[in-house]
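Residue numbering for the sequence shown follows this note's numbering, starting at 1 and increasing by one per position.
In short, the hints are calculated from the structure, not lab data. Be a bit skeptical, because a hint or two may be false.
With a cut-off of at most 25 angstroms between alpha-carbon atoms, the simulated DMTMM-like pairs for lysine to aspartate or glutamate come out as follows [what the hints assert, rightly or not]:
no. : residue 1 : residue 2
1   : K176      : D158
2   : K209      : E160
3   : K209      : D192
4   : K8        : E45
5   : K256      : E280
6   : K278      : D192
7   : K28       : E18
8   : K209      : E167
9   : K278      : D158
10  : K8        : E18
11  : K278      : E255
12  : K278      : E160
Simulated restraints on C-beta separations [said to hold, decoys possible]:
no. : residue 1 : residue 2 : range
13  : L7        : T163      : 48 to 58 angstroms
14  : V201      : L5        : 57 to 67 angstroms
15  : A254      : K278      : 37 to 47 angstroms
16  : R222      : E255      : 20 to 30 angstroms
17  : E280      : P50       : 21 to 31 angstroms
18  : R115      : Q286      : 15 to 25 angstroms
19  : Q27       : R87       : 26 to 36 angstroms
C-beta atoms are modelled at their ideal positions from N, C-alpha and C, and glycine is treated no differently.
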Amino acid sequence: MDTDLELKHLRSFVAVAEELHFGRAAQKLYLAQPALSQQIRRMEEIVGSPLFTRTSRSVSLTSAGKVLLERAHRTLRNVRLDLEETRSIARGESGRLNVGFVGSSMLATLPAVFRQYRSAFPLVQIHLHESFTSRVASGLLDGTLDAGILRDSDPQPDLEVETLFTERYLAVLPSKHPRASQRTIHASVLRDEPFVFYSRVAGSVAFDKPLSLCGGAGFRPRVVQEASHWLSIVRLVAAGFGVSIAPACVATIAEKGVVYVPLRGATEVSHVELAFRKGEQRPIVQGFARMARTIGRTKV
Numbered sequence: 001m002d003t004d005l006e007l008k009h010l011r012s013f014v015a016v017a018e019e020l021h022f023g024r025a026a027q028k029l030y031l032a033q034p035a036l037s038q039q040i041r042r043m044e045e046i047v048g049s050p051l052f053t054r055t056s057r058s059v060s061l062t063s064a065g066k067v068l069l070e071r072a073h074r075t076l077r078n079v080r081l082d083l084e085e086t087r088s089i090a091r092g093e094s095g096r097l098n099v100g101f102v103g104s105s106m107l108a109t110l111p112a113v114f115r116q117y118r119s120a121f122p123l124v125q126i127h128l129h130e131s132f133t134s135r136v137a138s139g140l141l142d143g144t145l146d147a148g149i150l151r152d153s154d155p156q157p158d159l160e161v162e163t164l165f166t167e168r169y170l171a172v173l174p175s176k177h178p179r180a181s182q183r184t185i186h187a188s189v190l191r192d193e194p195f196v197f198y199s200r201v202a203g204s205v206a207f208d209k210p211l212s213l214c215g216g217a218g219f220r221p222r223v224v225q226e227a228s229h230w231l232s233i234v235r236l237v238a239a240g241f242g243v244s245i246a247p248a249c250v251a252t253i254a255e256k257g258v259v260y261v262p263l264r265g266a267t268e269v270s271h272v273e274l275a276f277r278k279g280e281q282r283p284i285v286q287g288f289a290r291m292a293r294t295i296g297r298t299k300v
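Whenever a hint applies, use it, and build me the whole structure from the sequences.
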């Protein structure tokens with residue numbers, strides 16, 4: 001004997017239990033009354049006990065029926081909630097999203113991206129992972145990250161990478177530097193200066209781009225100290241360790257003893273990028289990508 005209960009059986013049972021009248025329940029379900037009666041009899045066969053006490057004048061629940069009604073309400077409610085959650089995930093409105101980002105992007109538009117994404121998708125559990133560009137790219141490739149915000153990434157054939165916005169480079173100088181009061185300087189005036197710089201482990205392109213500005217001015221900078229974060233670099237410049245060249249967003253770090261001076265004639269720019277795996281179609285990732293594009297590309 002087939003003992004599988006179907007959702008239609010539970011819905012029919014609940015309708016009869018709530019109406020305590022087969023005719024009204026049949027109308028509620030848009031069923032013929034004989035078909036409804038057959039479904040209830042089938043349920044009673046599966047349960048092995050009457051669910052209703054029937055007389056010519058009334059219908060009432062048996063003890064078994066009362067227990068089943070409670071369970072049926074819970075089962076139907078859980079099925080409804082599970083379907084709603086599944087549909088929400090399919091639309092990218094809930095689930096878990098792991099986003100990697102470079103720290104300097106937090107000095108630009110990334111906080112606005114996160115703020116508006118959380119507002120638009122409050123049910124998404126967004127987990128943030130700060131790291132270097134190279135490590136964010138590795139996380140995307142091994143699947144531990146779903147989306148990433150990079151800066152001047154190395155070519156990755158398995159990643160979709162698109163530029164959100166570009167930034168010019170600035171010289172970072174101690175406030176007592178002889179050139180600190182100038183409105184602009186040419187990179188060549190830094191020829192003999194010691195440099196504090198980002199580590200190459202961040203990525204070869206990210207490391208080489210600002211150096212190329214020095215190369216274009218006819219010298220290779222003498223890097224005396226490396227650091228992993230721009231705040232550290234700025235404070236080392238303030239402490240007199242040397243000078244640096246940084247993307248324009250770093251100028252939002254208001255550090256006493258440091259000035260930021262635009263580089264005259266510099267054509268190289270830094271690219272802040274959105275990245276995810278090639279072929280990525282999940283709505284939760286595409287939703288984040290749309291938000292990043294919309295907000296990121298408002299920056300000029």
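TODO: Any hints from earlier that this structure breaks? Give me their numbers in increasing order, please.
DONE: 1, 5, 6, 11, 17
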